[in-house]
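Chemist: Given next are the chains, with one letter for each unit.
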Amino acid sequence: MPDPSSQDAVLVSVPASPEYVNLIRAVTASVAARVPLSFDAIEDLKLAVDEGCARLLTVSRAARRMQLRLTASDDGLEAVVSIDAEVGTWPPPNIEETFSWRVLSALVDTVALDLDGGAPSVRMTKARLDPPVPSEAP
Amino acid sequence: MSSRPLGSIDRSIEVELFERLPNDPSARDELVEAFLPLAEYLARRFDRRGEPLDDLIQVASVGLLNAIDRFDLARDVQFSTYAAVTIVGELKRHFRDKGWAIRVPRRLQEVALRINAVLPELAQEHGRSPTIEEIAARCEATPEEILDAMEAVQAYSTSSLDTPVGEDGIAPVEVLGEEDPSIETLEGWASVAPALQELPPRERRVLYLRFFEGLTQSEIAEQVGVSQMHVSRILAQTLRFLRERAETDPPRGSGSRGADQ
Chain A
1 MPDPSSQDAV LVSVPASPEY VNLIRAVTAS VAARVPLSFD AIEDLKLAVD EGCARLLTVS
61 RAARRMQLRL TASDDGLEAV VSIDAEVGTW PPPNIEETFS WRVLSALVDT VALDLDGGAP
121 SVRMTKARLD PPVPSEAP
Chain B
1 MSSRPLGSID RSIEVELFER LPNDPSARDE LVEAFLPLAE YLARRFDRRG EPLDDLIQVA
61 SVGLLNAIDR FDLARDVQFS TYAAVTIVGE LKRHFRDKGW AIRVPRRLQE VALRINAVLP
121 ELAQEHGRSP TIEEIAARCE ATPEEILDAM EAVQAYSTSS LDTPVGEDGI APVEVLGEED
181 PSIETLEGWA SVAPALQELP PRERRVLYLR FFEGLTQSEI AEQVGVSQMH VSRILAQTLR
241 FLRERAETDP PRGSGSRGAD Q
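Residue numbers (my numbering), protein chains in the order written: chain A, 1 to 138; chain B, 1 to 261.
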């Protein structure tokens, strides 16, 4: 995948276990600080990554590895957490009515639940600093 | 050593209560009442590790409820034994998940206190939430130390940070709003409604302000009268609590005992 923008991506792979979520969160914060995101935004993103990991670890117990991919852009930071297990249904049915979705969408600017080759992922973006209010909302 | 464990009741009564349990909610209440002393006793054994005893008792009670739901009379074991194992498991998990068994190094505690002090200043000066670089420069610390302190505060209990920001020392609970925010009515939150009921008012209020009113963490800190890092910790821990409850409270009704999803 020769996407030039991905050259700056940070990739972390850890065992798919709750004890490693701290590490995922710490790496996220460290990269987010360099982008930079604001203190508030970093705290929100950490909570969202926590939730994303918890969601993934609940959906499959067969996963062996959990991965974090961080990509900075002019807009901000994209964090993608994923597990290496195939799951039947992803995103879960009626996801938008779940507590998890509500929390995620309140904490970050965009959330997407994707399937990459059968492996579920949670993709989140958070804007750098506090951006000015968009001048023309659709 | 092998004296009667706390909260133990006659096996015959135990059997009777568990037989009534599926159809009679009062049996559950009686079991809770009979074994709550056991939960409290076990919680006390984990005291003085940096966690308020009230929280530990709450964790132990959750363990007790789980034990009641999962206990199988067919197993040749007394409920008190089974409950003790489940409760201790819940307490250990509580500490392990939060890493509270480990002490926060003094240096990080100091940095955390300084961050708390400079955050409102910097927000005022810049008109926005500051960057880690800006905080580090003001605290005379490295960005890594700032990040470590942020993580430590979220993960560990550092009770000195729980004190109110105001110098007059008003307990944070005093400055809570009068209204009782019903976050359960929020779309998507109904599934965690029972667990929300168990939260202390301040925790509910912080959730409400963040997820219903959409306030930032700094704004919530100002409204509730605690430091911003404390808000962060409340949010992290409360979300974790709700998540765990959502996972351990499967929809009732079907005989799913022992099913491993």
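By construction, these hints were calculated from the structure, which means they are not laboratory data.
If you're wondering where the values come from, they're calculated on a predicted model, not measured in any experiment.
Glycine included, each C-beta is placed from N, C-alpha and C at the ideal position.
Errors might be hidden in some of the hints.
[Stated by the list, open to error] Quick partial rundown of chain A residues pointing at chain B, CB under 8 angstroms, derived from the structure:
{"id": "1", "residue": "A29"}
{"id": "2", "residue": "P36"}
{"id": "3", "residue": "E43"}
{"id": "4", "residue": "F99"}
{"id": "5", "residue": "R102"}
[Stated by the list, open to error] Residues of chain A clear of chain B, computed beta-carbon distances all greater than 10 angstroms:
{"id": "6", "residue": "R25"}
{"id": "7", "residue": "A41"}
{"id": "8", "residue": "D44"}
{"id": "9", "residue": "R64"}
{"id": "10", "residue": "V87"}
{"id": "11", "residue": "S100"}
{"id": "12", "residue": "T110"}
{"id": "13", "residue": "T125"}
Chemist: Kindly indicate which numbered hints from before are broken by the structure, ordering the numbers from low to high.
Modeler: The structure breaks hints 6, 7, 8 and 11; every other hint is satisfied.
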